[in-house]
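Asker: As a plain string of letters, each chain reads:
2 protein chains.
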Amino acid sequence: MEFIRKIRAGDVRSASQMIGMIEDGLPEARAVIKCLFPFTGRARIIGITGSPGVGKSTIVDGLIESIRKRGKSVGVLAVDPTSPFSGGAILGDRIRMQRHVGDPEVFIRSLATRGSLGGLAKAVGDAIHVLDAMGKEIILVETVGTGQQEVDIANHAHTVILVLVPGMGDEIQTIKAGIMEIADIFVINKADREGTRKLKMDITAMLEVSRACNGGWYPSITQIESISDPAVFEIGVEEVFFKIEDHYKQLLSTNFINERLRRKNMYELNAAISACIFEPLLEHLISSGKFASMMEVLMRRETDPYTLAEEIAKNYFKTCNFSIESDT
Amino acid sequence: MEFIRKIRAGDVRSASQMIGMIEDGLPEARAVIKCLFPFTGRARIIGITGSPGVGKSTIVDGLIESIRKRGKSVGVLAVDPTSPFSGGAILGDRIRMQRHVGDPEVFIRSLATRGSLGGLAKAVGDAIHVLDAMGKEIILVETVGTGQQEVDIANHAHTVILVLVPGMGDEIQTIKAGIMEIADIFVINKADREGTRKLKMDITAMLEVSRACNGGWYPSITQIESISDPAVFEIGVEEVFFKIEDHYKQLLSTNFINERLRRKNMYELNAAISACIFEPLLEHLISSGKFASMMEVLMRRETDPYTLAEEIAKNYFKTCNFSIESDT
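Protein chains in written order, with the working numbering: chain A, 3 to 330; chain B, 3 to 330.
Extracted from the complex, chain A is given alone in its bound form (with noise of 0.2 Å):
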């Protein structure tokens, strides 16, 4: 197909057009998928999460010159958890990364959908097959805001990095989110400000408690210094690129790359059945209006919503050969 060569040829027309598809959840993006899954898994894939303020864009913009510099091809997916009822956020703070849109060995994208924040978490996955189909060597995915979308993304990422600034008091919620324990590499951004001292503290003293053994890697802790001084700050983030580069040789020195790679292809198997099986037969259930005469007798209290579920799976099953819980 024409689209999927252009794609793999690295066109950033087809490859928009193609998660822009993935953004409206069209089937056809389905079928594209499929045939540029032989030609991803090549990339390398870095998450960067932080609550937002924290200063993740600058910073990735920071990675993109480092990574140039080595003159590797970078993609960027920016994604936007698009409120799941206005269905209208927009993107705004990208203004600093257009220094890098005449570079062809650069794509950048934002990601967002409408719809639930759950269709988003699957977009995220087949939006980076994309970029890892065009032959982008390194994927940056920045994602905003707290809470499951940060988790989500160790599922896809080689290496997580945690942007924190101090005095911000986002630290115990980051830990409440479980953010913590998938963080590869810490950033305190903004280091000179007051309260740096005491995060990192809080940090080492989280990580004492809570850091599974992870391939022998212990996350690393890295202060970068407010954009103001523009020097100091490249230091800082060209810093943050040889702890990347250090975690990557780590995963493959001690064989713990297979292990991320497996819970990647499980979460995508994972997505794909919720995608192929449990959508379509709510769909069916809604357009047949089966679905709105179960709410009926759910609102009158007739049944539950386990025995309805029950007898759908009898109904739609072929044998129940996996056990459903029955009554007691």
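Check before you lean on any hint, since a few could be wrong.
Copies of the same chain look alike in the list, so a pair counts if it works inside one copy or between any two.
[What the hints assert, rightly or not] Dumping the calculated DSS-like pairs for lysine-lysine here, alpha-carbon to alpha-carbon at most 27 Å: (1) K202 to K8; (2) K202 to K36; (3) K316 to K292; (4) K74 to K251; (5) K200 to K74; (6) K8 to K36; (7) K292 to K320.
Keep in mind the hints are simulated off the structure, nothing from the lab. Values in this document were obtained by computation on a predicted structure and should not be read as measured data.
Once you have looked at the hints, place chain B on chain A.
Answerer: Only chain B this time, still in chain A's reference frame:
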């Protein structure tokens, strides 16, 4: 069943044990929920959400007081998003609520799950059913953190309260996560702090652009002064209580309550389908070793996740009378 009878009679030990079963994801819990379901749908469910440290627990404690003053029974569910990786978070700040421990009309329980955040989302619905079947007239559900959790609470609650604090820089974050759109009542806590006026203006501006018509209810903004003066704090909490009453009256008078109940039932059925069909299917694939061999072919790029998922659909579904996407 004696256990069911005890829960319905409001027995604290049985209810607590049942919530423990839900937390552990025991199949017995599902059977109990089936029996309790006909006796649910009577309680009014109030969600209280916001970032960590904004004072949600203190407000919940105040609301318990306001509700008890009116002679109504109250259940409190403090949802604790246990880290999906370490599985060990502990909710510490329930101490304040201890003063209600002697009151048989107050039932307070925190809810955590080992395993995925998705598991927690499902547990919340079932745990609410338990408190509802116990006969608690008002159920306060406090959710910690930001993200999917807060959006989910809208699927359970009649009224959603969002607690914010001036100058914490969490406004943008909250907007990003789509929480602004689901809140019926905004509470600015610690409103004697600097930045309250700005925060109020920000909320108002946000509401003007994003808020869809919600049964004629325009979200209210209530300010609570810091707890340093308990009498002043109490006045603020009472005002929040009146706002909850106003919102409920509005739901009833516009019949918008049916809309909310329908959404709640739909969400619950969806979760039950996942629990009764999707999860057993995955478990079967894993225990039979099929999942492992699928992983192998994926790792070797011999096939793609979507093709595998479509094969699973063909193998396990009776007829594909609901269409499954095919190749182009």
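Asker: None of the hints should be skipped; say for each whether it holds.
Answerer: Here's how the hints hold up against the structure:
no. : hint         : verdict
1   : K202 to K8   : neither (46 Å within a copy, 50 Å between copies)
2   : K202 to K36  : neither (44 Å within a copy, 49 Å between copies)
3   : K316 to K292 : both (15 Å within a copy, 22 Å between copies)
4   : K74 to K251  : within (17 Å within a copy, 62 Å between copies)
5   : K200 to K74  : neither (37 Å within a copy, 45 Å between copies)
6   : K8 to K36    : within (15 Å within a copy, 54 Å between copies)
7   : K292 to K320 : both (19 Å within a copy, 17 Å between copies)
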